[in-house]
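Q: Chain residues, written in single-letter form:
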Amino acid sequence: MTALLGGNGAGKTTTIAMILGLTMPTSGTVTVLGAEMPRQRYQVLHRMNFESPYVDMPMRLTVRQNLTVFAGIYGVEDVQGRIMTLAEELNLIEFLDRPSGKLSSGQKTRVSLAKALLNHPEVLLLDEPTASLDPDTADWVRGRLERYRFEQGATVLLASHNMSEVERLCERVIMLKKGRVEDDDSPQQLLARYGRRTLEEVFLDVARGRREKQEAAQ
Amino acid sequence: MSARLQAQQNFSLRRVGAMVLRYWYLLRSSWPRLLELIYWPTVQVLTWGLIQIYVAQHSGFFARAGATLIGAMLLWEILFRGQLGFSISFLEEMWARNLGNLMISPLRPAEFISALMIMSLIRLAIGMVPVFFMAMAFFGFNVYELGFGFVAFFVNLILTSWAIGILVSGLLLRHGMGAESLAWTLTFLILPLSCVYYPVAVLPEWLQPVAWALPPTYVFEGLRAMLTDRVFRADLMLGALALNAVYFGAAVFAFLRLMESARRQGTLMQGAD
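In order, the protein sequence lines correspond to chains A and B. Under this note's numbering, think of the first position of the first sequence as 1, with each following residue one higher. Under this note's numbering, think of the first position of the second sequence as 1, with each following residue one higher.
Calculated directly from the structure, the hints in this document are not laboratory data. Where a beta carbon is used, it is the ideal one built from N, C-alpha and C, also for glycine. Some clues are possibly wrong.
Label pairs and their computed distance ranges (CB to CB) [claimed, not checked]: (1) Gly34(A) - Gln208(B): 51 to 59 Å; (2) His120(A) - Arg257(B): 31 to 39 Å; (3) Arg14(B) - Gly28(A): 46 to 54 Å; (4) Thr85(A) - Gly147(B): 49 to 57 Å; (5) Gly178(B) - Gln189(A): 43 to 51 Å; (6) Thr85(A) - Ser181(B): 17 to 25 Å; (7) Ala213(B) - Leu33(A): 44 to 52 Å.
Quick partial rundown of chain A residues pointing at chain B, CB under 8 Å, derived from the structure [what the hints assert, rightly or not]: (8) Ala35; (9) Pro38; (10) Asp56; (11) Ile73.
Generate coordinates for the entire structure from the input sequences, incorporating the hints supplied.
A: Next up, the structure:
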């Protein structure tokens, strides 16, 4: 699992959008599962999925209807069986026939996660998946993501502002600043290199350019 | 290449079906949406039906011309409602902020467009079938008298409506909700030039070639020939079909180009964050 870290406007969402083929890079190429994005996107989009609390599902449709539609789009076999499995795993059974627009933030995130897991994606992209969740629900979502990663051996790319979440989940961290990769290493290596105790302190060093200032002073 | 992978990469009726199901769920969950489908066509048929009754009370040419009014109005509604049915289904994705979900899914543009065309037909059937029966019951407009002519009129008008709907959807993808008003108004741009309620000969001579460049003009001229002279003008219908093929192809090309432009400009992302 890899984390994309960076301040607002650093380019996390744009990077995810390029990987999904939603926007075209101004230079360079993006290759996912051997396909060049966005040119060859239809070779791989059925093997990928995305979850973000900032992307809505149609609000008038019930959770079951939304999941049925997306299962059809992603070519899921045994649609109702898959929906029931996910509903049990993500504690959605009691909300299945409720309109998506009438769910709480936490419930919406779980539904959105169910949509993202419908097709057993080999590449799962998550944009701040625990934003606006209470600590208990956020912890529960993290546990579910860890389990999915372990069971499916999927590649997960996570954009987050939550440093403890990144430390817990990710074995690789890519630090972005103004659209460029500022650093790229494991959390342990980053802590050692920056001489910090937490990723949050490393993040602040990168965001405020402290390291460059120190290097310039030397 | 596995059969499943092959199926994922080709045009998929299942994905089209999933999208139609999505719009059907939405439509049946909302009575205002259903009511809106039938409300305006009903108001229109009542207005024009009563005008026709008034005109028919006079003898001579105006009585004969009056008979074409309600027919022209009904055909115009097919064109306008067909386009609206297409565009509103597309707009539903923008209103629901669901476009991002669709654009990162395996749904192909051709499948998306096919689903919107099917929904245009479903919405049209819900709105127009009762209105046609009303026109038959109260105003003596018998659609069965038009026979095959009606099928030819319908096919040509629905093709034009889809071409406009596809173009509007492309502009919405590229320019976002700022282009929403086009969905409601673009078809009206061709209303005066399509000669819905009057013959092409009424237009100034320099404007007539412009009118003949529009497929609906052929349909409305054909309707007048059928109702006043009892003649089915196959030549007009073939002319309309040829123009529709050109416009439909051009609209699909424009849609794809606008989508790629939106991808380059990053405007597709607006639906995703």
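Q: Against this structure, judge whether each hint is valid.
A: To see whether the hints hold, each was checked on the structure:
1. Gly34(A) - Gln208(B): 51 to 59 Å: holds, 57 Å
2. His120(A) - Arg257(B): 31 to 39 Å: holds, 34 Å
3. Arg14(B) - Gly28(A): 46 to 54 Å: 35 Å Cβ-Cβ, so the 46 to 54 Å window is violated.
4. Thr85(A) - Gly147(B): 49 to 57 Å: holds, 54 Å
5. Gly178(B) - Gln189(A): 43 to 51 Å: Given about 47 Å between the Cβ atoms, the range holds.
6. Thr85(A) - Ser181(B): 17 to 25 Å: Violated - the Cβ-Cβ distance for Thr85(A) and Ser181(B), about 45 Å, lies outside 17 to 25 Å.
7. Ala213(B) - Leu33(A): 44 to 52 Å: holds, 47 Å
8. Ala35: violated, 11 Å
9. Pro38: holds, 6 Å
10. Asp56: This interface hint holds because 4 Å falls under the 8 Å limit.
11. Ile73: holds, 5 Å
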